[in-house]
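Starting from the given sequences, assemble the full structure and let the hints guide the process.
There are 2 protein chains.
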Amino acid sequence: MNLKEVGRVHSPYKKKGDAPFQGRMEDIEARIEILEEFAPALKDIEDFSHLFVLYWAHEAKRETLQNRTPYDQDPQARHGVFATRTPNRPNPINLGIVDLVRREGNVLVVRGLDAFDQSVVVDIKPYSGKVDAISQASSRRAHEKKED
Amino acid sequence: MNLKEVGRVHSPYKKKGDAPFQGRMEDIEARIEILEEFAPALKDIEDFSHLFVLYWAHEAKRETLQNRTPYDQDPQARHGVFATRTPNRPNPINLGIVDLVRREGNVLVVRGLDAFDQSVVVDIKPYSGKVDAISQASSRRAHEKKED
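Protein chains in written order, with the numbering used here: chain C, 258 to 405; chain S, 258 to 405.
Everything labelled a hint here was simulated from the structure, so no lab data went into it. Certain hints may be false.
Copies of the same chain look alike in the list, so a pair counts if it works inside one copy or between any two.
To be verified - Below, in silico cross-link-like pairs of lysine-lysine (DSSO-like), each with a Cα-Cα straight-line distance of 27 Å or less:
no. : residue 1 : residue 2
1   : K300      : K271
2   : K272      : K300
3   : K261      : K387
4   : K387      : K273
5   : K318      : K261
6   : K318      : K300
As C-alpha cells, then:
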C-alpha cells in the first residue's frame, strides 16, 4: 500500500514548538496546494464548509506503540497510540478537520490545521455535519479536550 | 510513503451490494482484529466511545479524479473525488467513524462500519465529541445526508 503526494501544506508552523497542541482551537490560516495533476479532484469542494485532511507525519516514530500524552492527569501514564492522536504510530497519517475558508484555483485556504509547513497531503474528504458530527461521543480520559 | 497492515475487518459485507451506502446508519456489528504485534497500541482504547477507523480500499480506482455519486440531485453531475467520499481516489484510504461496543483482547467490536470483510485496517484514532463533532458543518450539495 503506497501513498502518493497529492499536495502540500503551507503553514506558519515551521518547526516543533510552533504548532499549537490542538489546531482546531486556533484561527491561523494555512494553505493546501494541490498538485496540478490532481486539481480536477477539487471540483465542487466549495460545496462543503468543513473538510477532513489526511497528511503524512514524516518525522513520526513508526515503531512507537505506547506514548505519554501532554496534559494527561497522570503525566507518567502511557496509552496505546491507537487511543491517542499522536503522530507516532505504525502508519503516521494525521487527520485534521478544517474550515474551508475559500478556494483559489488549486489552493485551499483553511483554518484549524495544525500541520507543519511542507507536510505532504495524501487525501481530502468532505466533512458532513449530519453524519460525522457525533456530539455525544465521550471519553473517560481526564482532560480529554486538550489531550486528543 | 508505505502503509502496513495493522489489522483486518471482519464484517457481514462480503461483496459489492452488501454494504449499506452509509455505514453509520446501520446497526450491524463488525469486528476489527488487530495483529498481535500491534495489540499494545490498543491500551486504554476503551476510554473512548467512538473511533476513527482508516482502512484501505484495495479495489479502488486510483486514477479516478471525478465521479458521479449516488442520490445526487443531478445523477449526471461529476464531482471531484476530494469533494466526495468515494473510495476511488488517488490514495484510497477510507475513513469510518464507529461506535466502540467493546474490546475483546486484540479485537474491537464496533458498530457503524461499512467496510467490506477482510478490509485492511491501517490506523485507529480516538474521536473526540468536543473537538471533532462540528454540528454546524454544512453542505450546499443536495441530498448531502445520503450522498457523502
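For each hint, the structure was consulted:
no. : hint        : verdict
1   : K300 / K271 : neither (30 Å within a copy, 32 Å between copies)
2   : K272 / K300 : neither (32 Å within a copy, 30 Å between copies)
3   : K261 / K387 : neither (30 Å within a copy, 32 Å between copies)
4   : K387 / K273 : between (35 Å within a copy, 25 Å between copies)
5   : K318 / K261 : both (20 Å within a copy, 14 Å between copies)
6   : K318 / K300 : between (35 Å within a copy, 18 Å between copies)
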